[in-house]
Amino acid sequence: MTDLTCLCAADQFSGSAPPDHCGFAEMESQGDDLPPPPPLPPNAEPIKAESADDLPLPPPLPPIKPEEAKKISKPKRALIARPGFGKRGNPIQLVTNHFKVSLKTTDEFFHHYYVNLKYEDDRPVDGKGVGRKVIDKLSQTYASELAHKDFAYDGEKSLFTIGALPQINNEFVVVLEDVSSGKTPANGSPGNDSPGNDKKRVKRPYQTKTFKVELSFAARIPMSAIAMALKGQESEHTQEAIRVIDIILRQHSAKQGCLLVRQSFFHNNPSNFVDLGGGVMGCRGFHSSFRATQSGLSLNIDVSTTMIVKPGPVVDFLLANQKVDHPNKIDWAKAKRALKNLRIKTSPANTEYKIVGLSERNCYEQMFSLKQRNGGNGDPEAIEISVYDYFVKNRGIELRYSGDFPCINVGKPRRPTYFPIELCQLVPLQRYTKSLSTLQRSSLVEKSRQKPQERMSVLSDVLKRSSYDTEPMLKACGISIAQGFTQVSGRVLQAPKLKAGNGEDIFTRNGRWNFNNKRLARACVVDRWAVVNFSARCNTMNLVNDLIKCGGMKGITVEKPHIVIEENGSMRRAPAPKRVEDMFEQVKSKLPGAPKFLLCILAERKNSDVYGPWKRKCLADFGIVTQCVAPTRVNDQYLTNVLLKINAKLGGMNSLLQIEMSPSIPLVSKVPTLILGMDVSHGSPGQSDIPSIAAVVGSREWPLVSKYRASVRSQSPKLEMIDSLFKPQGTDDDGLVRECLIDFYTSSGKRKPDQIIIFRDGVSESQFNQVLNIELDQIIEACKFLDENWNPKFTLIVAQKNHHTKFFIPGSPENVPPGTVVDNAVCHPRNYDFYMCAHAGMIGTTRPTHYHILHDEIHFAADDLQDLVHSLSYVYQRSTTAISVVSPICYAHLAAAQVAQFIKFDEMSETSSSQGGGHTSAGSAPVQELPRLHEKVRSSMFFC
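Residue numbers for the sequence shown follow this note's numbering, beginning at 130 and rising by one.
Worth double-checking, as some hints may not be accurate.
In silico DSS-like pairs for lysine-lysine, Cα to Cα no more than 27 Å straight-line [stated by the list, open to error]:
#: 1; residue 1: Lys689; residue 2: Lys744
#: 2; residue 1: Lys1065; residue 2: Lys746
#: 3; residue 1: Lys774; residue 2: Lys744
These are calculated hints, taken from the structure and not from any lab test.
Please read these numbers as outputs of a predicted model, since none were measured by experiment.
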């Protein structure tokens, strides 16, 4: 659709020109950034102001325009309560990895204190990890002044106690011995604890460091808030109270020397490590968090895996990381980026430091100024000496290979501190946060897999070994944890009926089906097409003939290609964009007109650098549908899978739900209903500067629910909320939602959707209110922009895969069957949610999708909504299996991933530091725009 027809469609949509809206309703500040209140006098309780009579009058406000008043007075939406439970399906008894927690009823309060840590000279403490040491020492040194209270400390700015601290003025001085601070001596020498001035070492056998600690009272949190939440009566204190007991779990693991990653804990036990290559290891640990559920408070324990840097000599890590066999071959610019912010221990003093960089010269040549006492008069004299000579001659340490290589710098920007590389060892349990290679990722997945029975026994063992019953803070809260898995009742829903071509039934078994002896529901014609081969070793004509033959069996007419174009041999080693450019020149010169479809054969199955530029050329510049293949074993199954993708991209349909053909989907088939899938994809954790990609897919051709189109935009790195749903620009809207609305209207017989069902992926519970009140408002504004009087009904559902609840069949080695749904016991005590395993878990343990219904104006019955979600897992056109999450969300993932390849964002996995240093804050920098899709392919399922 051209921009002109798009505008015409918009005018038809509303019956008038779109009104000139500008700007969003202002968001109210939540007060998150306020400083803590000052400390209270002893035994005083904070009181709420009863009246504002004594306050001075504020200055008069400017008059509010009527349309602004409407925005300001708009009430905030709240999460809906569960309207009822589902009943359909065959009952199944399951157990889950939630362990029941008993909790004493109490009127006591958690007291929250804001922690301010400073050095003696009032500089703020910024080092990670030192906070816990300081607070531990504080509780030992001042035990009597603090009434022997136990602390729950989050390692940063928050500390909690049960009941108030006795003193009003909670300011303390704490002295820590032997802090591995990496502080540099004044002369800039290579460190004063390992290689520094010997006389200093005699006087000070260890370093001491003095800290000032201020604890300012911030809030009281009633412990009863947890018990109230279990009765379905949540208050603003509920999440805070559960956060406190989660912090107690973190602290318990921190005391055991674990690496903490949010609520996951990793012990320094080599039996938990698996080598992934490249100097990276997978480390298996466990997740542990408290959840308020219908059956009471529970402790959710699960297996968790993170990536760590391989501990040991720094040189060994660099050799593995760069895949070279000798230090001479190390690229030191890359090494500097890989090592930055990692922690090392230096020998012989075994002191810990953080790496800030490398020396500019090698160890033989890197000079520094060493102060020595001169003869009898005792005046210090500075001499220039190389790092190598200092360690070998002054310290008597033998260096075998460091001389030719840069030194490790652990100092300050203007006062470097150098160590020869062979004296440096990487300490264990340091997270690796760069993106993994395809090989590393598949190795991690393979080595992390656990069958259901194995996972259950590991989890039982973890709970026993965690010894939470010895944690004094948990005891003080009256918390005790059951040892057995929680029993839950599930239901197995019947699989939806599918239709192939000629109205034939497709029989599904265990969430799977095939197209043997069947034709596709709506088969396309593949004509005006050509094949391009980017130097892949492949019998191209055999592949083409096999596709034509297989297509004929599935009902797809595949005509002979116009031409097969082989890449010029001279281009094989050229940069990818040049190779694509050259290939397109050949396409233009050898074809009579623009092709409708191009089959592209690549040499690499994964990570081909031609893929992104090729897709951009086809989809953004020329509007040509394309399918990339990298055939290794060509058989009937492979050809069928390729044809399923081609058919969907060219506008065909592979299979359809019987209930969308009849059409008889409850509520959805009665009135025009648009289904949206929304997702934001981010770079890897270490890639702090790569823009995030927001994608919205919308259903088309109502009453179908199997056909979709996508809109994609870039936005600020790591920004989870989608900021381009509605983007008014004068009399136009350049937002993501408008495209879906207009496409629905033009493809559904000029009907506006009366109902809009939104599936949102990738948001945590703390962001539900933003989705409900900010994103939903933007979608409503996009609708109003097209027609002021149009009021569709909305249902908003969040899908979460990133959670830790698993279900098991007691005594069975099998995973739960596809179609299993659970909406009781471990679900929320008040809010509307359910877990669904729509797919057959073939490897490892099935991870259910957790669906949260935040808003439902359409008023689905619980059974109808669960059936709809289940059915939408069967309309994924790329495969012949039910998938684990509704198809619109999967399509949003695919669209975001494919369009992101159009731009070669800088290889940030090289430049960002391993510990995630130098992150830009979300929403701070201008972002590179993505190219828009060509109008010819804009409404296609190009992402299939």
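Here's how the hints hold up against the structure:
Among the hinted pairs, lysine 689 with lysine 744 is consistent with the structure: their alpha-carbon atoms are about 23 Å apart, no more than 27 Å. For a cut-off of 27 Å, the pair hint linking lysine 1065 to lysine 746 stands: about 13 Å separates their Cα positions. Our distance criterion of 27 Å between C-alpha atoms is met by lysine 774 and lysine 744, whose separation comes to about 15 Å.
The structure is consistent with each of the numbered hints, conforming to all of them.
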